[in-house]
Every structure is written in structure tokens, then in C-alpha cells.
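Asker: Chains as they are written, first to last, in the working numbering: chain Y, 395 to 701; chain A, 124 to 551.
Do not rely on the hints blindly, as some may be mistaken.
[Claimed, not checked] Part of the chain A face toward chain Y, derived, beta carbon under 10 Å:
1) 199
2) 200
3) 228
4) 229
5) 316
6) 321
7) 372
8) 373
9) 397
10) 517
11) 524
12) 527
13) 529
Keep in mind the hints are simulated off the structure, nothing from the lab.
Glycine is no exception: its CB is placed at the ideal position from the N, C-alpha and C atoms.
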Amino acid sequence: MTNAVSTKPGRPAASDLVRRLPEYLMIWVPLLLCAVHLVSFSLWTIWISFTPSTLVPVSGWVGLRNYTAVLASRNWQIAFDNLLLFGSAFVLLSAVTGLVLAILLDQRIRGENALRSIFLYPLAVSFVVTGTVWSWLLNPGIGIQKLVHDLGWTSFKFDWLIDRDMAIWTIVIAAIWQSSGFAMALFLAGLRSVDADIIKAAQIDGAGPIRTYWRIILPTLWPITITVVVVQLQFAISAFDLVRALTNGGPGIATQLPALVVYDLMFQRSLLGRGAAAAVLMLLILLAVLLPYAAWRYVQKRRATHA
Amino acid sequence: MPITTTRRRLLAGSAAALALPAFARAQGAVKPRLTAISQWSAGSDGAAITALGKKFEEKGGIWQHSPVPGFTTEMMNKLRAQIMAGDPPACSQLKGPEIAAWSKIAPTVDLDAVVAAAGYEKVVAPDLAKLHKPGGKWIALPLQIYSTNMLFLSKRAMDKAKADKIPVTWAEFNDLAERMKAGGVPYPVANGGTRPDDGQKFEAALAGISPAAYRAAIMNLDAKALKGPEIKAAFVQVRKIADWMDPNVGAQHFSTNLKRFIDGDMGMMIMGGWAQGVLRNAGFKFEDFMIAPGPSDNSKPVFLLNADAFIFWQRKEPDLQAGQTLMAQLVMDPAIQTMYSQITGSIPVRTDVDLSGEGWSDGQRRTAAALKDAIASNQAVLSLAHNMAQENGMTAALIDVITEYVKDKTIKPEQAATRLAEAVEGAR
Numbered sequence: 395m396t397n398a399v400s401t402k403p404g405r406p407a408a409s410d411l412v413r414r415l416p417e418y419l420m421i422w423v424p425l426l427l428c429a430v431h432l433v434s435f436s437l438w439t440i441w442i443s444f445t446p447s448t449l450v451p452v453s454g455w456v457g458l459r460n461y462t463a464v465l466a467s468r469n470w471q472i473a474f475d476n477l478l479l480f481g482s483a484f485v486l487l488s489a490v491t492g493l494v495l496a497i498l499l500d501q502r503i504r505g506e507n508a509l510r511s512i513f514l515y516p517l518a519v520s521f522v523v524t525g526t527v528w529s530w531l532l533n534p535g536i537g538i539q540k541l542v543h544d545l546g547w548t549s550f551k552f553d554w555l556i557d558r559d560m561a562i563w564t565i566v567i568a569a570i571w572q573s574s575g576f577a578m579a580l581f582l583a584g585l586r587s588v589d590a591d592i593i594k595a596a597q598i599d600g601a602g603p604i605r606t607y608w609r610i611i612l613p614t615l616w617p618i619t620i621t622v623v624v625v626q627l628q629f630a631i632s633a634f635d636l637v638r639a640l641t642n643g644g645p646g647i648a649t650q651l652p653a654l655v656v657y658d659l660m661f662q663r664s665l666l667g668r669g670a671a672a673a674v675l676m677l678l679i680l681l682a683v684l685l686p687y688a689a690w691r692y693v694q695k696r697r698a699t700h701a
Numbered sequence: 124m125p126i127t128t129t130r131r132r133l134l135a136g137s138a139a140a141l142a143l144p145a146f147a148r149a150q151g152a153v154k155p156r157l158t159a160i161s162q163w164s165a166g167s168d169g170a171a172i173t174a175l176g177k178k179f180e181e182k183g184g185i186w187q188h189s190p191v192p193g194f195t196t197e198m199m200n201k202l203r204a205q206i207m208a209g210d211p212p213a214c215s216q217l218k219g220p221e222i223a224a225w226s227k228i229a230p231t232v233d234l235d236a237v238v239a240a241a242g243y244e245k246v247v248a249p250d251l252a253k254l255h256k257p258g259g260k261w262i263a264l265p266l267q268i269y270s271t272n273m274l275f276l277s278k279r280a281m282d283k284a285k286a287d288k289i290p291v292t293w294a295e296f297n298d299l300a301e302r303m304k305a306g307g308v309p310y311p312v313a314n315g316g317t318r319p320d321d322g323q324k325f326e327a328a329l330a331g332i333s334p335a336a337y338r339a340a341i342m343n344l345d346a347k348a349l350k351g352p353e354i355k356a357a358f359v360q361v362r363k364i365a366d367w368m369d370p371n372v373g374a375q376h377f378s379t380n381l382k383r384f385i386d387g388d389m390g391m392m393i394m395g396g397w398a399q400g401v402l403r404n405a406g407f408k409f410e411d412f413m414i415a416p417g418p419s420d421n422s423k424p425v426f427l428l429n430a431d432a433f434i435f436w437q438r439k440e441p442d443l444q445a446g447q448t449l450m451a452q453l454v455m456d457p458a459i460q461t462m463y464s465q466i467t468g469s470i471p472v473r474t475d476v477d478l479s480g481e482g483w484s485d486g487q488r489r490t491a492a493a494l495k496d497a498i499a500s501n502q503a504v505l506s507l508a509h510n511m512a513q514e515n516g517m518t519a520a521l522i523d524v525i526t527e528y529v530k531d532k533t534i535k536p537e538q539a540a541t542r543l544a545e546a547v548e549g550a551r
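Bound conformation, chain Y alone (with noise of 0.2 Å):
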């Protein structure tokens, strides 16, 4: 990186330091800052989950109590079944769209860039924008629903965001259009990346284009894909602004989901320790994605290094 060359190599001079400082400072400061802040507000929660806070924060100690509480209503259940469905059907309905955009993209077509443009766009899009802009087109009376009716069609019925089996699946839908354009711009760089050689041989040998991208370009993505699914189910976790903009939690309370718990047992309930004791439990869960995730890594890192 540094094109002086030192006295002695591995350790580097005083003036070597000096000039490097401004770049250690970049680096260092912000991060421990990040790293304070995240570490301590973290550990705080945890220590208010197991306080009888109401109001305000108290010390005292209840044990679990909040936990089983949460664990308990109904609110949590519906909100854990619903992370479960939600999760698993936007990261792979949002995963398979990207790739499927990716691989039409990636023909070589004109106007690759505005199209490219075209579907990254609702990532610039706020997911509060996205949730409200949802709600009016999924609204049966003024949406599409009233759109197709008036074009003839009566009998035509769409009322997935009054119906309250169906409600999660408009959130999945509104998520999806909001970030399939990222897997998209992922899978596309992954395509691109594939090395030309690999896909003449394949030709040469006699491979359609179905057999190539099947059988050669496809398995080559696959360290993109586990990027893509960690980032959207972070995504899925921690979902709050959609749901909240979109249907908050309703009908009734048929999408809630962890976050909006959280929220709602903290600032709507004045129930500080049961919020925290929430979202702990949220942490956990994306700690269960994580570190799987990180374990996986490091195994990469190291088979990588030695070969």
C-alpha cells in the first residue's frame, strides 16, 4: 500500500506512523465509537429486560419474567408466526425475482443501464413511501381492486389487505418490489464475474444456453445467493416502516410482527422491561442467522488459505 520504502521492513518508521495517523484515526475512531455504542446499548437492553421497568428505567431484578410474559401473548405468537412466513417467503420469492432479472439483464440487451436503473430504483425509495403507496394500491376500494371493477370486470376480487389470512403476504409483496432490484444488482455483478473462458468452453463442448447458465454459471453464484438471503432476512428481522406504513399490523392485529411488538410494548404500553425483553428476543433470532452465517465464512476463509 505505502510506496516508501523503510529501514527496517515489518516495522515501520516514527515519520511512517505520523503520516499514517490521519488514516488510523479515519478507520479506528469511528469504529470503536460504532462498536461502544452498539456493545453498550445492547447490553443495557438485556439488563432492562430483566428489571421491573414500566415508565422509566428502574433497577431490580424479576428474572424472566418478561420473557415469559412476551413468550405468553398473542401478539408475539402472531408476530413470530407471521416473521417465520414473511421471512421465508420474501428472501426466496425477492431472491429468485433478482436472479431472474439478473439473467434477463445479463443477455446484452440495449438499454441495460436504464433498466438497470429502472429496477434498482424502488431501493432509493423509503420503505415508509413504499408501505403507504402499497396501502393505496392493495385498498380495495380505491386500488386495483376499483380499477379492474371499472374497467368491466366485477366480478374480479383482489382484497388481500383487508383479508386477514392474506394480509402478510401484501407486506411480501410490497418488500419484494422494494428490494429484489438489490439481489438483482448482486447476482448481476456474480454473472459478470464468471470467467468468459469457462462459458466458450462449455459452448464449444455443445451446451445450450438453458444447460450452460444450469449447469455452469448458476453454481458459481451460489457464495452470492447465502450474501443475498443473510441481507434480506436481516432485512426480514428487523422489518418495521413497511408493515407500520402498510397495514400496521392489521387488520386487527394479523401482521404484527417483532419490531412493531417491540415498539408497541415500549412507547404505546409503557412497558419498558417487556419491550426489552422483545427485543432481546429479536436479537436472538438474528444471532441465529448470523452466526451460522459467520461460521460459514470463517470455514470459506480457511479452505481458501489452505489451498
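Dock chain A against chain Y, hints included.
Answerer: Frame of chain Y, contents of chain A only:
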């Protein structure tokens, strides 16, 4: 930074508060100043509190109001932060049982002397007074009252149903709804889809069926009353109401549908008195709609109370203490309450204000009369949906059950009643 209010601090606080009026007189030279926070930033609410501030300044005070727009809970977040930082506002908006809950986390001002001097206690509904003196001493003052179960009738929908009689009991209400439906009103009940909206339907139903059962089950959380037949009957009535509502409203605010209500596309609306202000602001005329007390099966008006109030937080600064005394006097003043209610469409807390004069609407006069009758027949109860009957945590647990029931027609009334009782146990 945990806040623990020790007994000694509380004692010191009350002693200081007791000395407050004398202290304020001694510091007569000081210019009264008031720091206040509320959620009232815009519309008629904003206009009303600004007018109150003007009066405060006319009396020689310095008015420092910082509105926190949005829901009450957002104002509470600011209040919580200020209290934890040891810098509470001299006065803040707060209402219902939250007054008692919050008074435990920071010392409040004892207003007994000021209240006694104004002879205020005699003119306030007893249930309401109790909320503002949790430890037996006045620490907060109610400012204005709304009823959450007023019945609004669309004139055009009434014409379609060829009806002109205002329904008094739930049976008459149901009858009118059927006639509206038959007369071509697609949705006999107008509504929004928010949580308080659903809560209001239930509290209006239960209190209308039996105010005594409402008091026992919802206000006192009596386990036996919660399993009583009135709860089930209320849920049956709520299901009827829900079937007459437009299911497409999703989570919309009630005001979104006011035009359809006036047009006769929707017939009746069970809403708080504030809807009158919203209707008038939207440009609709008094000829377009009628206002009456909500249905009551014993034909005597039932009044579901919702009252906004100010709580006073202890401050050491003499100018703030003088400001608190001045503010308390203003809030209790009949002229100020008249000014305030005429702007917002509420009714005054004082039951001795004469509403016959100009500036009051028929709806307000009817509301005030209903309150008087309801107090006399012990049928003035505290609203659940608007956080007057229970603290926020308990209220939310109950509304969860109600809102799910309104939106999910597969839940049976008896199931909902059981869940309501379970929710109370879970939230205790």
C-alpha cells in the same frame, strides 16, 4: 439513569409545594413563566392552546409552549426524556390514569390550595376529579371534556331510510340501520379502522347496554363482571355494527370517510364530540347531520368521558412556580374554558358554565346536557378507547381483543368475552 423516588424526596417535594402559594406571593416581583409541552400543534387544538398562551401573556406571563406533534405517546416520549434528564416542563399535557402512573416517577405540584381558592371541586364530575388527585391531592387539572360515544346521523341517509326519529336504545339503532340498508344506504355505519375506533364501538355498546357492568368490568376490572352476560351482549352488538361498516376502510382514520357519511353513502357514526369540529372544518353544514347522545338501553344518556388535562411538575425556579399558579388559575377560569371549548368543539369541565349563549353549537349544548343527566343518574363513565379507564398497558391489551374481534368475523362473541377476561389477567 434509573429514577427512584425516595420517600424523603417526595416529602421534601410536597413540603415545597405546600409553601408554593405563599412563596409565589413573596416573589411577587418575579415575572411568571411557564414551560409546557403538549401534542397540540395544529388545527383547532393548536389554535386553542395558542389562544390560552395569549391569555397567559396578557396576565403578564412568559409563555413557552413546545408542541410535540403526533400521537399522545410521542409527547410522552419527550416528557419521559425530560424527566429522566431532571428537567421536566413546568406543566405538560397528560390525562386519565396516566396522571397517577407518571406522578410516581417525578415529584408533582400540590394544587390543593389553588383549587380550593377557586372552589373548583364542586363543579367537576366526581369520577373525573378522582383521576386528577391520585394521592388525595390535586396535582393535575382537567381542561376540556369530550364524550366518545356521540351518535352522528347523516341527514341524507335518514331521508333514504324515510326516518326522522333519533334512535335512543340499541334496538332502535339496529332497527334504523336495517331501514337504512333497505333504503339504499350501502353502509349504515360510518367508521375508520384504527384501534381507538374499534375500541369506541365496544365501549359504546357495553356502556349503552349497562353502565353498571361497564363500571365494574372495564373501570374496576372485576373478574366476575368480566365474565358477565353484558360483555357477551356487547360483543354481539359490536358484531352487528361491524357487519354494517365498510370493510374496505382498512386502517384508515375515521375522517377519511366523512364525505361519504354526509352524502348518505354511510348512515350513522359513533364518534367523539371532536368529529363535530372536523365536520365543520371540512365545510359541512349543521343541516347535513345530527348529533345525539349514543344509544342507551335504559333511555337515560350514558356519557363516556374523555378529558384532556395538564399535570404540573415541581420546579425550583420562582418564576416557573409563579407561572404554574397563574396557569392553574387560568385553566379553572370559566371564561378561559369557554374560550377553549368554543375553539375545539369540546365542552367545559365546569358543569356550571352556561352554554345557551352564542358561540356554542346545539351538539355542544346537547353534550353538556347529557353530561349533567349522566352524572345525576351515575351514568358518566370513563372511556377505555381513549385511555381514561385504564393505564396504557391494560388498555392496549383489551383493545387487542376488541380490534381482532371487529376484523375477524369467525370469532364468536363468547370467545371474545373469554379472551377479554384472559387479556386482563395477562396484563395485570
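Asker: For which of the previously enumerated hints does the structure constitute a violation, in increasing order of number?
Answerer: 9
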